[in-house]
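K.L.:
Model the placement of chains Z and H on the given structure of chain E, informed by the hints.
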Amino acid sequence: MGQTKLMSFEKHHEESLAAIGESMYGLIADLYPICRSITGKGVQQTLERISVEIPLHVEKVPSGTRVFDWTVPKEWNIRDAFIKNSKGERIVDFKKCNLHVVSYSQPVHAHMSLEALRPHLHSLPDKPDWIPYRTSYYEESWGFCVSQRFLEGLQEDQYEVCIDSSFTDGNLLLAECNLPGETEDQIVVTCNICHPSLANDTLSAVALTVFLAKHFLKVSRRHSFRFLFLPATIGTIAWLALHEQEAIQIRHGLALSNVGGPGHIHYKRSRRGNAPVDKAAEYVLNKTVNKFEIRDFVPYGYDERQFCSPGFNIPMGCLSRTPFGEYPEYHTSADDLSFVKAEYLADSYRVCLDILYVLEKDGFYVNTTPKCEPQLGRRGLYRGLGGRMGGQSLELALLWVLNYGDGHHSLLDIAQKSGFPFEMIYKAARVLEEHGLLRRQDSP
Amino acid sequence: MGQTKLMSFEKHHEESLAAIGESMYGLIADLYPICRSITGKGVQQTLERISVEIPLHVEKVPSGTRVFDWTVPKEWNIRDAFIKNSKGERIVDFKKCNLHVVSYSQPVHAHMSLEALRPHLHSLPDKPDWIPYRTSYYEESWGFCVSQRFLEGLQEDQYEVCIDSSFTDGNLLLAECNLPGETEDQIVVTCNICHPSLANDTLSAVALTVFLAKHFLKVSRRHSFRFLFLPATIGTIAWLALHEQEAIQIRHGLALSNVGGPGHIHYKRSRRGNAPVDKAAEYVLNKTVNKFEIRDFVPYGYDERQFCSPGFNIPMGCLSRTPFGEYPEYHTSADDLSFVKAEYLADSYRVCLDILYVLEKDGFYVNTTPKCEPQLGRRGLYRGLGGRMGGQSLELALLWVLNYGDGHHSLLDIAQKSGFPFEMIYKAARVLEEHGLLRRQDSP
Amino acid sequence: MGQTKLMSFEKHHEESLAAIGESMYGLIADLYPICRSITGKGVQQTLERISVEIPLHVEKVPSGTRVFDWTVPKEWNIRDAFIKNSKGERIVDFKKCNLHVVSYSQPVHAHMSLEALRPHLHSLPDKPDWIPYRTSYYEESWGFCVSQRFLEGLQEDQYEVCIDSSFTDGNLLLAECNLPGETEDQIVVTCNICHPSLANDTLSAVALTVFLAKHFLKVSRRHSFRFLFLPATIGTIAWLALHEQEAIQIRHGLALSNVGGPGHIHYKRSRRGNAPVDKAAEYVLNKTVNKFEIRDFVPYGYDERQFCSPGFNIPMGCLSRTPFGEYPEYHTSADDLSFVKAEYLADSYRVCLDILYVLEKDGFYVNTTPKCEPQLGRRGLYRGLGGRMGGQSLELALLWVLNYGDGHHSLLDIAQKSGFPFEMIYKAARVLEEHGLLRRQDSP
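Protein chains in written order, with my numbering: chain E, 1 to 444; chain Z, 1 to 444; chain H, 1 to 444.
In isolation and in its complexed conformation, chain E is listed as follows:
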């Protein structure tokens, strides 16, 4: 993976990335067998496991609730599902692989010919051994997902088909881990919790979100951090509908998805395109030796498609390794526990933590003696014996921060203008603040 060193901010450099990668993998392994959908017991079990790691607040949104243009659907639960041949053998068994059932399938129990069954079977012709993942949230139907090889081997027979599912008035579950900070400015990290046994999409993002939350739990925070665990689309829309006022206060957002597989980091810009989160991501990625790719916003993807709808336009980017739909294992049974690796998870963790730290530490400052330079020498901030000056000394960093400390340049802007590392510019700002030469300002 090349360089996996964290930026050298005070608190977080002691963490062992390798150990965190392993822990994230362990959490994914625990969550993998659970059959999740946008509602139902699988979501609840998942949240219970996450609660072992971090404090979670779970909000229940009853079926039938209107959220903007949408309505919360009934809760879907499934106990069992199978296809039996005429010998009574379970040739397709939900208990062996929960991808076998199209999510939100209607209940069915019937005997039928192959011809009648055929339209309800989904496969991937070009990947004969893989089982696809399909959903039918907003259309009443039922179906099974099977491998192409299995499908081709099916004989004319009388099949017993059973999906023991139920639709009941229940709840959509929205979970969050809130970590208040010194200010009410919010940083939000989101992931989705609605997929069944798919390791990279999106369990990897769940594990990463959990471990980012674990990290910020332990440190002092200027921003308030909020880590969201939401069923995709309907969950995100419900959260925004029920938290509209809070949403407006979000300063920086990051949606996570597909962060555990091979392939290099992809960062997708927020709709604004040059929001602080976009600049921070670009800055952090440019510092790594690893390959990466930055893309402009497009209006489909993960939670950012709702947060970045024009009525909100919240500055939320999306970080992935290979993005959804661009690797063959995506939405198939091949996205399993062998596809994600601790080292990829650790690298994604490092990049996210660095981005979040830049956002946390960045700010706008005002030089309190803006006319000419202050006399740094008598404050012990300047070498006594005049001579050559060069390189990237803290002294020069002080001059950069003083000169661009005009309330219009963030520390990250100054880092980029000067070419100095963000950490050094941040340190210079702290030193100047201690000497009363700089004052933090709320916003530009």
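The hints are simulated quantities; they were obtained by calculation from the structure and are not laboratory data. Model, not experiment: these values are computed from the prediction. Worth double-checking, as some hints may not be accurate.
For identical chains, the list gives no copy identity; a pair is met inside one copy or between any two copies.
To be verified - Listed below are the simulated EDC-like cross-link pairs for lysine to aspartate or glutamate, each with C-alpha atoms no more than 16 Å apart in a straight line:
| hint | residue 1 | residue 2 |
| --- | --- | --- |
| 1 | 371 | 53 |
| 2 | 371 | 244 |
| 3 | 371 | 406 |
| 4 | 341 | 185 |
| 5 | 417 | 293 |
| 6 | 371 | 69 |
| 7 | 127 | 182 |
| 8 | 417 | 296 |
P.N.:
Just chains Z and H now, kept in the frame of chain E:
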């Protein structure tokens, strides 16, 4: 010519470009023999021929009228002109080629030596067989244009020189074809009608303007279209002086010139540089497989130099094939009926029609459910069975239009941001409008 | 040096650059032996010599005066300094080279061992024959600068060390040559006068400033010109503190340094980055055939670091040949009279004069007949016989100035947009102004 296919908007795809090219060529052939100048009977005859094709409104501006810094000159007419040698032979005959006489020549009838005649003869030393085109609108003089070969063959002799021209109080003629639309927002197309037998400059533009008008006559229009046929400079200035209030309402302008010869399309940007007409031309040209060139505004050229004067700054671009002055035949007898071709005319027609259609169909829209995505599924606008999404489907086009339907992005902006064809974005907007999810807005 | 021709403005083309280069060199040679520091008799002597060339106004700022965050230090004078060996030989003699004493050294007279003396000796290990230049303005200490070779040859001995310096309540001297112009808009050129025997840094800049002032003394001026001769840092800060209201009126500033050595011109942009002085410098440098380099602002360097502090943000650039710290002779005894050359000085003079002339002649104009073109023909400004137009004729320059004479484009902007030489655009503006077609406007 490579691709000459029109964009696939509803109405205009049925036209046969080849047939239209032939018809334009026919009109040029009809107009070619007429001796035009900025005033006089030639202009009138030309407008009469155009009236056969489209409804024309002709405005008469009397000689002596002040138009901004200028004064409308006397009407110039010419019945005959010749140079006879001492044998009485017409060695230069206006009736054989109307380029022989410098336009706006004073009347003269005299006998003179070669030495006295010589300063009144104009030729092109480096193109020995071609006759140049010269004018003397605002300086009292007379002259003949001849080939260099002819000039060199002239013997010492007593010549009879006659220009039977007259200057009378008459009228400058300004012609326009007005096609009102649903709104008062205007699209203006202009060409000049002051040149004698020059096929590419500017009869090709006259023919193209006529056939664009014929096309828009037949279709329903959101914009009001105005097609102007003006004597160069003084006619354009007079039109702007007499229509100042209307000029301010022009949303998009396109000046045409030199559109019938070989060479690829050149589009010259309006003074604003990024007006919608500039974006539309760039978009359309980028879609063709043919070579093209886009240039920045310069303050000389055709009607755009007046429309883009700083007191108006109307967004008018100029479309040519090889621009004036950049091909040797320009302003010579070699710019004849063999120099223009139906296929070049047809290609220019296609490009102009596509540009005008983008301007006609483009607009600013507002998403009526701007917070989160609307539920497209229950309106039948989204696939029921979730899975992979990619390529350039109408579904994705809907998402692009919804997300950037914020009143600040035109459909063309959205097409360029998304990389989707303008027609698909336009279609998506129409679909969303029909479902009440989008509302047209007057201006950004 | 390649091209050293001045731009062809009326007045200044008669000057002989070669002769001016020689005169500048002569002035440097006169000033070189004087021992200058930020205060003291050396500065006074220097200003007296400059007064022979140009009228100087000298302002005295008493020791102890508060200027922004700083306090004017005591006046430092030095009569003699030496190190004698036990034989009584002056092995280090201030009278032979004034770089031998650290500037602002405390007085000392003592006998000491080599071991005790050693920490007070400064040398350049990698340049064994050169003597470094050191200062200790704001820290109480004393020291000698010697060559590395000398240092290595020192034997164990009892040395007599003497620095006969004094610190008294005196004055900091700020000198300026003010040349009022037709308007109160100011152009400021600055240089520093605090260095002892260093020819390129900064005596070359002193000489260049003097000769620019001599030039503008002789010509009529639209701008008021102010040429500043200031002790570095404290002098600049004191001047800004005492002239705060005037400083705000500075339209264009140019700091000079290191302008007499080999190496190509470097222009460092003002903090604003695209101020008129930045555009003018870039324009002039792009016109020369010589190599050059343009750099963005950084908050260290010469007077521009104070003028460009955020509380002032005055548009001041800095012009050098090889910038400070980037050539090995910088701040050493090798920066002597053999390092600077008349031809380099002349080339720097040419570039500065051209930049200052562009600033002096540039301006914003308004077309008085902004609707359509005015009729240039009847004013004798346009060829009578219409035909081809091309190249860079004055006629086309007239059209450029008329079209962009909208009060928002400076003449330099128009020169750059059109690609025409600035002088031609300026001439066109003058012609149009004479014909009442253009009117100068105070500011954009």
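K.L.:
Any of the earlier hints contradicted here, and which numbers?
P.N.:
The structure conflicts with hints 1, 4, 5, 7, although it agrees with all the remaining ones.
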